[in-house]
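Participant: Going by UniProt numbering, the first residue of the sequence shown is number 1, and it counts up by one from there.
Hints in this document: simulated from the structure, not taken from any laboratory. Where is the CB? At the ideal position from N, CA and C, for every residue including glycine. Watch out, some of these pointers could steer you wrong.
Cβ-Cβ distance ranges computed for the label pairs, FRET-style [what the hints assert, rightly or not]: (1) Arg74 to Lys31: 49 to 55 Å; (2) Ala124 to Leu65: 27 to 33 Å; (3) Asn97 to Val39: 53 to 59 Å; (4) Ala37 to Asn97: 48 to 54 Å; (5) Pro105 to Leu127: 47 to 53 Å.
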Amino acid sequence: MSSEAASTQNGSLDALSSGGDSLIGMAMLGKTAAALALVIAIILLCTALLKRLGNAKRAGGQLQLISSIAVGNRERVVIVQVEDTWLVLGVGSGRINKLHERPAPATPPAETPQAPSSFAKRFAQALAHNVTQKRRGQTPSPTSDTDRTP
Numbered sequence: 001m002s003s004e005a006a007s008t009q010n011g012s013l014d015a016l017s018s019g020g021d022s023l024i025g026m027a028m029l030g031k032t033a034a035a036l037a038l039v040i041a042i043i044l045l046c047t048a049l050l051k052r053l054g055n056a057k058r059a060g061g062q063l064q065l066i067s068s069i070a071v072g073n074r075e076r077v078v079i080v081q082v083e084d085t086w087l088v089l090g091v092g093s094g095r096i097n098k099l100h101e102r103p104a105p106a107t108p109p110a111e112t113p114q115a116p117s118s119f120a121k122r123f124a125q126a127l128a129h130n131v132t133q134k135r136r137g138q139t140p141s142p143t144s145d146t147d148r149t150p
């Protein structure tokens, strides 16, 4: 009986040791998952703080974009106001060149609405013409005066 008890005891010890190894493995996996979750939470917290602080106005931030226009694929002419001075800058392909400097006017320039292009005018006229003909019950003619280019 002592041999049976010894074999039973060895079998239970083997089962406990293999079960213990799996428990240790699960504990390590849990710790790794918790550490990963902590790192992700810290990253999300930092991005939220950076977004909030990035939108805050910095002290002494006297730089303001007045106007900008593209003069090429990657080139722009930009007017920037720094304190009481306007700078006309040429910006393109990693370089910024000062083109002109002048004192800022007392009142900022009013934005002028751009006039629609000739295509936009003709398209609007054609749409209006088609809508009025549909209301009358007529089908629009394919060669009307508004469809022709001048």
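Participant: Now tell me, hint by hint, if it's right for this structure.
Facilitator: Status of each hint after checking the structure:
Roughly 51 Å separates the CB atoms of Arg74 and Lys31, a value that falls within the hinted 49 to 55 Å. One distance hint, 27 to 33 Å for the beta-carbon pair Ala124 and Leu65, holds here, with the actual separation near 32 Å. For Asn97 and Val39, the hinted distance range of 53 to 59 Å is not satisfied, since their beta carbons lie about 44 Å from each other. Separated by about 50 Å at the C-beta atoms, Ala37 and Asn97 satisfy the suggested range of 48 to 54 Å.
At about 40 Å, the beta-carbon gap between Pro105 and Leu127 misses the expected band of 47 to 53 Å.
Hint compliance for this structure: hints 3, 5 are broken, all remaining hints hold.
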